[in-house]
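Let chain A serve as the given structure and place chain B on it in line with the hints.
For reference, the chains in residue letters:
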Amino acid sequence: MREADQVRQELLAKFPWLDASSRVSRSRRLWVEVSDYSKFAEVLNFAVKNLDFDILCTITGLDDGPVLSAVYHIAAKDGIILNLKTSVPRDRPVLRSIVPVFTNAEIYERELIDLLGFKVEGLREGKRYPLPDGWPEGQYPLRKDWKPENLDAITPYGKPPKES
Amino acid sequence: MAKNVVIPVGPQHPALKEPANFSLTLQGEKILESTIRVGYNHRGIEKACEERTYVQDMYLIERICGICSHSHSTAFIQAVEEIAGLEMPGRGLYIRTLVAELERVHSHLLWLGVAGHEVGFDTLMMYTWRDREIVMDLLQVLTGNRVNYGINTIGGVRRDVTKEQLDDVMKGTQTLEERTKYYIELATQEPTLIQRLSGVGVLKPEDAVNLGAVGPVARASGVARDARKEDPYAVYADLEFNLITDNHNDVFGRAVVRLLELMESYKMIRQLVTKMPDGPIAAKAPRKIPAGEAISRYEAPRGEDVHYVKANGTEKPERVKVRAPTLANIQAVTKMLENGQLADMPIVVAAIDPCFSCTDRAIEIVSPDGPGILVWKDLREWSIEWYKERGLDLSGLNKKLISRLGR
Chain A
155 MREADQVRQE LLAKFPWLDA SSRVSRSRRL WVEVSDYSKF AEVLNFAVKN LDFDILCTIT
215 GLDDGPVLSA VYHIAAKDGI ILNLKTSVPR DRPVLRSIVP VFTNAEIYER ELIDLLGFKV
275 EGLREGKRYP LPDGWPEGQY PLRKDWKPEN LDAITPYGKP PKES
Chain B
589 MAKNVVIPVG PQHPALKEPA NFSLTLQGEK ILESTIRVGY NHRGIEKACE ERTYVQDMYL
649 IERICGICSH SHSTAFIQAV EEIAGLEMPG RGLYIRTLVA ELERVHSHLL WLGVAGHEVG
709 FDTLMMYTWR DREIVMDLLQ VLTGNRVNYG INTIGGVRRD VTKEQLDDVM KGTQTLEERT
769 KYYIELATQE PTLIQRLSGV GVLKPEDAVN LGAVGPVARA SGVARDARKE DPYAVYADLE
829 FNLITDNHND VFGRAVVRLL ELMESYKMIR QLVTKMPDGP IAAKAPRKIP AGEAISRYEA
889 PRGEDVHYVK ANGTEKPERV KVRAPTLANI QAVTKMLENG QLADMPIVVA AIDPCFSCTD
949 RAIEIVSPDG PGILVWKDLR EWSIEWYKER GLDLSGLNKK LISRLGR
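Protein sequence lines correspond, in order, to chains A and B. All residue numbers for the first sequence refer to our numbering, where the first residue is 155 and numbers rise by one. All residue numbers for the second sequence refer to our numbering, where the first residue is 589 and numbers rise by one.
Bound-form chain A, shown alone (with noise of 0.2 angstroms):
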């Protein structure tokens, strides 16, 4: 059985300068940061293709400040999470869309669009998920300042109708 060390110093024999950002929690417990997104393709690409982590469990969008986090939980078969965490700034928050490695990573991709209002560039035309059809542009009810409030002040839900 391969332990999450194992997979961690795989992991620095290949990119060095991760040493400091990743971070073995427990047994099967593996944390890994990207800060610079430049460099997030090329660690996912390895770790799935040289690290055998073929399973996309979810990703988490997180809202940190001045950037948006997003963490992609991918699993091996042997049990290890592999939890790699990357940030883009918020006032541009765009993502590529990983789909084309995981195919069943769409939805978890619009939940981040809904949600959060990440960006995600080569994701198909389709149906969102999972506000509805009408909910307003620009209104991401994940992050931190948002607050209901905000959307009883722009729809009538809930509001006596105006006299004309």
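None of these hints come from the bench; they were simulated from the model. Don't take every hint at face value.
[Said to hold, decoys possible] Straight-line Cα separation of at most 25 angstroms, SDA-like style, residue types lysine to any residue; simulated pairs:
#, chain 1, residue 1, chain 2, residue 2
1, A, Lys281, B, Ile595
2, A, Lys231, B, Glu828
3, A, Lys239, B, Pro878
4, A, Lys298, B, Gly901
5, B, Lys898, A, Ser175
6, B, Lys898, A, Leu285
7, A, Lys281, B, Arg625
8, A, Lys239, B, Glu906
9, A, Lys298, B, Arg640
10, B, Lys635, A, Gln293
11, B, Lys792, A, Asp208
12, A, Lys298, B, Arg651
13, B, Lys876, A, Arg180
14, A, Lys301, B, Ala636
15, A, Lys273, A, Arg250
16, B, Lys923, B, Asn609
17, A, Lys281, B, Leu604
18, A, Lys231, B, Val790
19, B, Lys817, B, Arg679
20, A, Lys273, B, Gly632
21, B, Lys898, A, Gly271
22, A, Lys231, A, Glu187
23, A, Lys281, B, Tyr628
24, B, Lys898, B, Glu675
25, A, Lys301, B, His630
26, B, Lys817, B, Ile772
27, A, Lys281, A, Pro254
28, B, Lys898, A, Ser223
29, A, Lys231, A, Arg156
30, A, Lys239, A, Gly219
31, B, Lys898, A, Asp218
Leaving out everything else, chain B in the frame of chain A:
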């Protein structure tokens, strides 16, 4: 050449048990392709969790789903317990796992009934749902509730179990095991059922992997994945059980996997009861959870639940992320529907076992004489009286029924 027709099914549709929308492109009766829109049940629970304490979140998360309620609350608190670095007491973990396996039994029996109903075999539904009452009663005895058990607490469980309760569990398991053997015989030998389910909703092993299918759906396509084996949590590392897979890749295979998993669950329940250690049932958990993050996996009846929790040192989490198994499996449904018949759509969707909730059976009445609980028998007598006052006497019918049933 007939013209292709696109028809919408859902979000509200008699063939669906919960809101989802399918756009099906048809050529005659054949489905060429489909697109799915989900999200109609989005309730903002992840956001709500950020504004509540960990304990409040545990009860909120338990209500994500009425059927796998224990799955969600366990997946969440496992992450919290990991961040807090709690030493978990053995007895607490055994009780938690016992409830988990009983929940799997009730969920799989429920599914078998739904599957029977969707293919017009309602007798199967009546039988399995009758038998399911045995495990529902056991859950009620152990936890106090039929659904949303509320047994979990951060650091362990809230209620201890007695020797008598465990004896009841053993007895109930015995009956359920005999019934399940009959269902296995039925499913694998009854020609109409086999023919109705075989070759329907095909998902090839490579598609199951690519589309990230989980749980019985993946295992019925020969993908040997189970969080209880790969990433053992609670006390699964102490238990002996087999990982069930099947190579039919269709709805029939999914039925076989769930039925055989029931037998494995009975095996585990017996081990849990006999091996249960003495000692405390919960560790004391701090109100404020130190900063940190954890990801927790849990093999729910429908597949793997994934919960991510990020703590910031306060009593409220910074972020809670939930990935329920249906979201992982729904993406495989488009593949399963391809080249299938329109009439197969309900059973194909039902075969991934999407969620819907059940309801309570006791009613509390607050009257001038004080509060009281009405059980099934009182409710029944009350209804007979109620109709009698309105000139309709059903008591004779009741007696006739009782004599015919021999009770």
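Practice problem: Please work out if lysine 273/A and arginine 250/A have their alpha carbons no farther apart than 25 angstroms. | Solution: Holds, because 8 angstroms separates the two Cα atoms, which is no more than 25 angstroms.
Quiz item: If you draw a straight line from the CA of lysine 231/A to the CA of valine 790/B, is it 25 angstroms or shorter?
Solution: Holds, at roughly 23 angstroms.
Self-check item: 25 angstroms Cα cutoff - pair lysine 298/A, glycine 901/B
Solution: Measuring from Cα to Cα gives roughly 17 angstroms; hence the hint holds.
Practice problem: Take the C-alpha atoms of lysine 923/B and asparagine 609/B, compute the straight-line distance between them, and say whether it is at most 25 angstroms. | Solution: 15 angstroms, holds
Quiz item: Are the Cα positions of lysine 898/B and glutamate 675/B separated by 25 angstroms at most?
Solution: Given that 25 angstroms is the threshold and the Cα spacing comes to 20 angstroms, the pair holds.
Quiz item: Has the given pair, lysine 817/B with arginine 679/B, been kept, meaning a C-alpha gap of at most 25 angstroms?
Solution: 21 angstroms, holds
Quiz item: Are the Cα atoms of lysine 281/A and leucine 604/B separated by 25 angstroms or less?
Solution: 20 angstroms, holds
Quiz prompt | Hint consistency between lysine 898/B and serine 175/A [alpha-carbon to alpha-carbon, up to 25 angstroms] | solution = 17 angstroms, holds
Quiz item: Holds or violated: are the alpha carbons of lysine 898/B and aspartate 218/A at most 25 angstroms from each other?
Solution: Holds, because 12 angstroms separates the two Cα atoms, which is no more than 25 angstroms.
Quiz item: Would the pair lysine 298/A and arginine 651/B pass a check requiring their Cα atoms to be no farther apart than 25 angstroms?
Solution: Cα-Cα ~24 angstroms, so holds.
Quiz item: Can the restraint linking lysine 635/B and glutamine 293/A be considered satisfied, given a maximum Cα separation of 25 angstroms?
Solution: 13 angstroms, holds
Quiz prompt | Satisfaction of hint between glycine 219/A and lysine 239/A, Cα-Cα up to 25 angstroms | solution = Holds, because 15 angstroms separates the two Cα atoms, which is no more than 25 angstroms.
Against the hints set out earlier in the document, no violation occurs for any number.
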